[in-house]
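Enquirer: Take a look at the letters that make up each chain.
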Amino acid sequence: MSDFFSKVVELFSTPEYIDSLLHGFLLTLQVSYFAILIGIALGTLIALVDIAKPSKWMALPKMICRVYTTIVRGTPMALQLFIMFFIIFAIRGFPSIITAIVAFGLNSAAYTAEVIRGGILSVDNGQTEAGMALGLSRVTIFLRIVAPQAIKNIIPAMGNEIITVIKETAIVSMVGMYDLNMAAKDIGSGQNMASYIVPMFTAALFYLATIYLITFIVKRIEKGLRKSDLRAED
Amino acid sequence: MENGTDLVVKGLRKTYGKNKVLRGIDFELKEGERVVVLGPSGSGKSTFLRCLNRLEEPTAGEIYFDGTLVTDRNIRKIRRNMGMVFQHFNLINNLTVMENLTLAPVKLRVMKRDAAEKRAKELLTHIGLLDKASAFPASLSGGQKQRIAIIRAMMLSPEVLLFDEPTSALDPEAIGDVLSLIRELADNGMTIMIVTHEMSFAKEIATRIVFVDKGQIIEEGTPKEFFEHPKTERVKEFLEKVL
Numbered sequence: 042m043s044d045f046f047s048k049v050v051e052l053f054s055t056p057e058y059i060d061s062l063l064h065g066f067l068l069t070l071q072v073s074y075f076a077i078l079i080g081i082a083l084g085t086l087i088a089l090v091d092i093a094k095p096s097k098w099m100a101l102p103k104m105i106c107r108v109y110t111t112i113v114r115g116t117p118m119a120l121q122l123f124i125m126f127f128i129i130f131a132i133r134g135f136p137s138i139i140t141a142i143v144a145f146g147l148n149s150a151a152y153t154a155e156v157i158r159g160g161i162l163s164v165d166n167g168q169t170e171a172g173m174a175l176g177l178s179r180v181t182i183f184l185r186i187v188a189p190q191a192i193k194n195i196i197p198a199m200g201n202e203i204i205t206v207i208k209e210t211a212i213v214s215m216v217g218m219y220d221l222n223m224a225a226k227d228i229g230s231g232q233n234m235a236s237y238i239v240p241m242f243t244a245a246l247f248y249l250a251t252i253y254l255i256t257f258i259v260k261r262i263e264k265g266l267r268k269s270d271l272r273a274e275d
Numbered sequence: 011m012e013n014g015t016d017l018v019v020k021g022l023r024k025t026y027g028k029n030k031v032l033r034g035i036d037f038e039l040k041e042g043e044r045v046v047v048l049g050p051s052g053s054g055k056s057t058f059l060r061c062l063n064r065l066e067e068p069t070a071g072e073i074y075f076d077g078t079l080v081t082d083r084n085i086r087k088i089r090r091n092m093g094m095v096f097q098h099f100n101l102i103n104n105l106t107v108m109e110n111l112t113l114a115p116v117k118l119r120v121m122k123r124d125a126a127e128k129r130a131k132e133l134l135t136h137i138g139l140l141d142k143a144s145a146f147p148a149s150l151s152g153g154q155k156q157r158i159a160i161i162r163a164m165m166l167s168p169e170v171l172l173f174d175e176p177t178s179a180l181d182p183e184a185i186g187d188v189l190s191l192i193r194e195l196a197d198n199g200m201t202i203m204i205v206t207h208e209m210s211f212a213k214e215i216a217t218r219i220v221f222v223d224k225g226q227i228i229e230e231g232t233p234k235e236f237f238e239h240p241k242t243e244r245v246k247e248f249l250e251k252v253l
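Residue numbers (our numbering), protein chains in the order written: chain A, 42 to 275; chain B, 11 to 253.
Be careful, since some hints might not be right.
Calculated cross-link-like contacts (lysine to any residue; reagent style SDA-like; alpha-carbon spacing at most 20 Å) [what the hints assert, rightly or not]:
#: 1; chain 1: B; residue 1: K117; chain 2: A; residue 2: A188
#: 2; chain 1: A; residue 1: K268; chain 2: B; residue 2: A145
#: 3; chain 1: A; residue 1: K94; chain 2: B; residue 2: R83
#: 4; chain 1: A; residue 1: K264; chain 2: B; residue 2: S149
#: 5; chain 1: B; residue 1: K117; chain 2: B; residue 2: N91
In short, the hints are calculated from the structure, not lab data.
Isolated chain A, as found in the complex (with noise of 0.2 Å):
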């Protein structure tokens, strides 16, 4: 026991161990941050495409996205990134945050794209069809009736695919970038601590407080959007 408390106070009162953690923990959250930015983006985009009304002009694009969520999502996270790294940006010298932030863009694109489609298609139909009878355009209904409505569906499930990405990336040590998984690791190997204990403890704690945050922040969110809900304030 005392053996772990001179190992804690090994780890945070070396400066490398603690930079080291730092530098990992930035990593993990850069490469978490765009890959969810792009991840919304894109998955928008499959996501209204999907949903679409269905003509010549929009079959092309409709079968593209629908093979491409089969793809992303019948294939492991991490071959995914495999394939990024050794075929797709094969490239010497390219720099491997990108390599990595495509790589989880990608792959969370296809699973948004579902969190939305999703929050759409629950929104009521007669809310269209209110705004169609009273000759509103499909545009003003999809921006003031159902894409708000959609949001408050859309919102909880999103929070979870944050997190998700966010553990996901954890991967990435797998083709030796240094996130914080890699930190605790390299921490704690022979040529430094010797000790895996406190250093992956630590790294658990880094990720745990994260994640804990997001679910906080996403679960004031939805109560702000639950605002139209609410009963008579009785």
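Put chain B on the given structure of chain A with help from the hints.
Expert: Structure of chain B alone, referenced to chain A:
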């Protein structure tokens, strides 16, 4: 247009796959008329109503509104003049009562926001719900929702109002409130088409009854003719069951 015909329907058909819901409907609605559409459930009467403003796209047939052929291109303009009230009210859940009333008139540039809000307040006062102006639909009762849905349709001053079973989702007390509001519109000369199961209301309010069965109009006439001297066996059978 004196004594202008508001709505002409020719050979209207609607099929879903193999299911023929409407099998050729010819129909006219003239200004000031109040037509009640009766028929057993599944007869196609709601589909008929919903084809008029193209919430359902007709499979075949033509619809003319004030002499203009209704198409996908001009439907938005026509919908402004053809208000609709739904069975399940369909107030916009994320908008307050006031926003529900003013969204379309302001967006469609029929009224400036001030004017729209003024008119909305007048109509809300008229139905005794001015205090609900800033409430969201979730906090209202069914009867309140439906009366607001009716004045929402009136905000655009349409030439025709379509009612798709407006009282079928309401409790008896609320039904009375909603029907008296519809009655008032009728007394003010509104051209109305209603699909309903309220027989006594149909008898009282209609200038003409249309009976739909298996996707066709099989009998029409004044309420007196229809209820007292039905011509077809089918209507006789129907009336025996419902009256």
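Enquirer: Hint by hint, say whether it matches the structure.
Expert: Cross-check of the supplied hints:
1. Of the supplied pair hints, the one linking K117(B) and A188(A) holds, its CA atoms being roughly 17 Å apart against a limit of 20 Å.
2. Distance restraint check for K268(A) and A145(B): the Cα-Cα separation of roughly 11 Å lies within the 20 Å cut-off, and the hinted pair is therefore satisfied.
3. Of the pairs offered as hints, the one joining K94(A) and R83(B) holds, with about 16 Å between alpha carbons and a cut-off of 20 Å not exceeded.
4. Restraint check for K264(A) and S149(B): the C-alpha separation of about 17 Å stays at or below 20 Å, so the hint holds.
5. With a C-alpha separation of about 15 Å, the suggested pair K117(B) and N91(B) falls inside the 20 Å cut-off, and the hint holds.
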